[in-house]
Every structure is written in C-alpha cells, then in structure tokens.
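S.K.: These protein sequences, in sequence, are chains A and B. Here the first sequence is numbered in this note's numbering, starting from 1 and rising by one per residue. Here the second sequence is numbered in this note's numbering, starting from 1 and rising by one per residue.
Bear in mind the hints are in silico, worked out from the structure with no lab data behind them. Quick reminder that beta carbons are idealized off the backbone N, C-alpha and C, glycines included. Keep in mind that a hint or two might mislead.
As the list claims (entries may be wrong) - Heads up, incomplete: computed chain A residues facing chain B, CB under 7 Å, no partners named:
(1) G178
(2) K180
(3) E225
(4) S226
(5) R228
(6) I269
(7) P293
(8) I295
(9) S302
(10) P318
(11) G338
(12) T355
(13) G403
Unchecked claim - A few chain B positions that, by computed beta-carbon distances, are all more than 12 Å from chain A:
(14) G78
(15) T87
(16) I134
(17) S135
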Amino acid sequence: MMKLLTSLFVGLTLLSAPVYAQSGPLRLELTEGIIEPMPFAVPSFVPDSPAAAQYATDISRVVAADLTGTGLFREISSDAFISRVSSFEAPVQFADWKAINAQALVTGAVNVSGKRLTVRFRIWDVFSGQELGNGLQFAGTTDGWRRMAHKVADQVYSRITGEGGYFDSRVAFVSESGPKDQRRKRLAIMDYDGANVQYLTDSAAIVLAPRFSPTGDRLLYTSYESGRPRIYVLDVGRVKRQELKTQDGTMSFSPRFSPDGRSIVYSLIQGGNTDLWKMDLASGQSVRLTNTPAIETAPSYSPDGTQIVFESDRSGTPQLYIMPANGGEATRISFGQGRYGTPVWSPRGDLIAFTKQNKGRFHIGVMRTDGSEERLLTASFLDEGPTWSPNGRVIMFSRETQGASGRSSLYSVDISGRNLRPVRTPDGGSDPAWGPLQN
Amino acid sequence: MNVLSKFAALGALMLIAACSNNDPSALGGGAGGSGAIQPGSPSDPRSPAYFQQTVGDRVLFAVDQSTLSPQAQTVLQGQAEWLLANTDYTATIEGHADEQGTREYNLALGARRANAAREYLISRGVAGNRIQTISYGKERPIEICSTEECYSKNRRAVTVLTGSTLG
C-alpha cells in the first residue's frame, strides 16, 4: 500500500500572491441546478525528465477523469488545443484557451527522483486570465501516483465549487461472484474510482455491510466465519481482524462507529427479536438502546454524535426513526408510501439518505432530518445501501439486476439525482461504504 | 400465494398428516419384512432423510411475515414428533428471506422466522436446548428467479438436523 512521504501543501508561488478562489468569476454554485458542465482543459503535465513522462501523462488523465466524473465539468479534448504546454513556468497563452472555450485550465509538472514523485500544478481562470489560488505541490512515492492525481483534482474541484473534494478517498465494499444461489462474498477496498482493489477476506464465509472508522484506518463488518453472523473489526493497514464479542449464542450485525470512533452501535438478535445496542470499544461492554418487539436495525449516527437514525418496523412496516444517541424516545421521520430502510446521515448533517421500496421498485432517496423534502434519486428492480461521499455531494449504492442471472454492482449518483454512473469493480459489488478523505 | 400453490401446499399437508398419524418409532420397529427398509434411507423413519423428505424440513412464510400458517404448524408438529422420538438429534433452524428487502432488515426477518419455528417446536415439547437458530437473511436463496414463484420458496425456515450420528 502506498504512503505519502509528506502530505504538506507547499505553496509554489510566494505568499504575497493573492488568492482569487473566493471572489473570481470562475465558480460553480452546486446549490443550484447545474445543467451545463463547465468546460476545462488539462494538457498533459510536463515531465521534468524521461523517467517522469508516463507518470505525467497518467496523472493528468486521472485529474481529468475525476473532474469529468462529477458531471459538473466537461473536458475539452487535446485534439482541439491550439497551445501546447511544454514548460510549466512559461506564461499561459490565454487567448488560445479562450478560443476553444476552456473556462478552467489545469497545468502541471511532474518530477521523479528514484521512487519519489513530485507533482506541481496551477489552476487558471482562462477568461479573467488569472491564477485561481496558489500553485501547489504534492510529494509522494511513484506507486502512489494516483493519489497525487486525486489530490490535484480535489484542489481544482474545491477551488471552483467552494466545496470540499472527495477524490482522494477509498471505498470498502463486498466483492461478489457466482450465481445468486451460490454467491461468494469477499470484503474488499478500493480507491473511490474503482482503482487499486485489494481483498481483505477470502470467500469462505459470508461478509456483509462494511463501515469505515472516522479516520478510515479500521472497518467494521458482519461475517459468518464462526457459523453465525457476528461483528468484526479489521485493521485496514495490517489486514488483521478481530471479533467484537457480543453475548454468547446471539447473532449480531449492522455495526457502525460513533463519530469519535470510541464506540459502536449495532443490532443484536435475542430470541428472534432484533434491538439496537451500543458497545464501548475500550471496555467491550454493551448497553441496550432499544427494547421493543420490533426489528430495529441499520443505525447511523449524526455527525455530531448526539443522535442515531435507524430503521424499525414498530409501526407495522419498516420506517425511519431518530433517537438520542444513548437511547430514549424515538421520533418517526418517514411518512411517505412504501417501506424505508438503511438510513445514513450525511457528513454535513443536513440530509438522510435511505432505501425505499414502493410498488415493487426500489429507490435511493434523500430527505431532511425532519423527514421533509423527500427526493428519490434512483429507481430500479433493486437499489439499496446508500453511502455518502466525504463532502456529502454524491451517493454510492448497490444495484442488483433481476432474474436468475441477476448481478449486483456499484453505482454513484449526485444528490441532485443527476450523473448516475456505474463504479467499475473486477467482479460484482455490493454494500459500498465510502471512507473519509485521506491525509 | 396464488390458488395453485395453495392446492399444492394442501396436498403436501395431507401427505404429512397421513404420515404423522403413525408413531415413527413404532413404524421403524414394526416394519419387519426381508430388509424392506434400509437403515438411513428415506424409507427409514428414524433417518434424517425421512425427516427431510417425509416429515418435511421446511415451512414457508407470506411476504414480510413470520407467523406460522396452519400448513406450517402441521409440518412443525411432525418435526416435533420426530425430534421427540429421535433424541440423539439436535436441530438448527435456518431462517431466510426473499430478495425483496434490504440486506440487514432481511437478516432480522429471517431470525424472526427461525424463532417462530423454534417456539412452535418448544410448545410441542421439544427441549429448547436442542434447537438453535440462525438467520441468513436474503443471502442463501434456493430459487433464483425474481418472481413470486421463487420468492415464496425462499421465504422459509429450514430445520437442519445435527447430532452425533451425523458427525
């Protein structure tokens, strides 16, 4: 696994250079309906030496793919370029980029020294002819080149939209192969764009629904490796797992970290009844949070850790409820037609994503935390299990196709409901969990 | 459930009822003849194969439900009688759901179904410590089409025998 030698942001231009990001005309407001993607150009980054040539090309391609993948930007093909950028320091020929209607321009250079790789880049507002913010450089190892590309793209995205990026992040998921009645499942982790897939378990036991710790170093998941569903925590770096002991003879599943990473909330089945419990990770002690004859599962903490949204069928059908993080009276928030499940609190705290089943179709949707302004983003035979991008702008989920040859795969969609895209994985995929931005 | 499958279930029920009228152990002991019954074969009333095929090892549930239908209760009555007569065996009841539902909810629903079957067996005299439950949610369908015909077979609780004689 690659590690950044340093993640310091080093200003290339001197500190006296003004920052235009917040006031310049080059700005996408994501709160409004963006219909027309912003045209941009990423000419191949300039290699400092022949050893850097392939990295320079590849990094600029990944930067462009990240931006295009948002649906908010449209790349102008290099076939249309009038200017060639052969030096990172040479003045930009703005007229040439204006002529092909590139509103944003990203230029960069790549240096390779042994296994050390350095990327420098600048973002230009073509129509004002000015730099958008300061140039930056990232340094790391050559095998971590994709992460540096994602960091460049995160900078471009956040300077133009004013929102945090999400490209330098990872997704844990369940890799699936084989037919429906003999499906093999393995826990896996990958970059957000499907690159660098790494398997974390073999397919000997069913594994379900991983969730990242707040810092991304651990995963919680459910496995049948002991013969019955139990909760495990896995150290991602060392790929070492450990069972989190719950009461003997019970089944436990649906574990999620609290925002401070010190405790988990999970479902425990006793005598056929499923309730929510909370475990302090230091002591291993669990306390009960719900106590009803109904099914209570799929919990998710609010980002401030004070509340938990969860799914319960206490009204007769599965619906969404919010209760205080230590248990107590729960308030129902879903009132539309159909069945609601798998609520996930957005990292911004303002929305709850969910799965909805209505009239034989499944939907991924979002609603405000009081249940108002419900919007369905997708519709298919079986969509489920939404997870939020670190900036709360994109939702990834799994979609299973119908019938005997049905297959599960991962998709992402913007919270506006636009830009539905498959996320490519080597085999089938389900239960994605989007991790935090990496350092 | 459509009318056809209701009739099919009724047919199975009558067959099971006919079998459960006889004491399985008496049947096993009394069927002398010249080796007509191979021990362990489906015709041996003390065999797991007999339990699986003749008594019936599974009960089915309606959409989202874990209540036991009259047919399911009859099958479980037969299972209870068999377990009471064959005390070497213990059982694990596996609860399952069809694919219409979210993964974690269905895991909980499968547990409810397995428990409903377990409670019934206990109510008929089987010791609770002989019956474990596990839920597979929607992870282990036996039928893979995406129609009610398959779904109805996947919404099930299956009683799997364990015990020293099975290794």
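S.K.: Which numbered hints turn out to be false for this structure?
M.R.: 1, 3, 4, 7, 9, 11, 16 and 17
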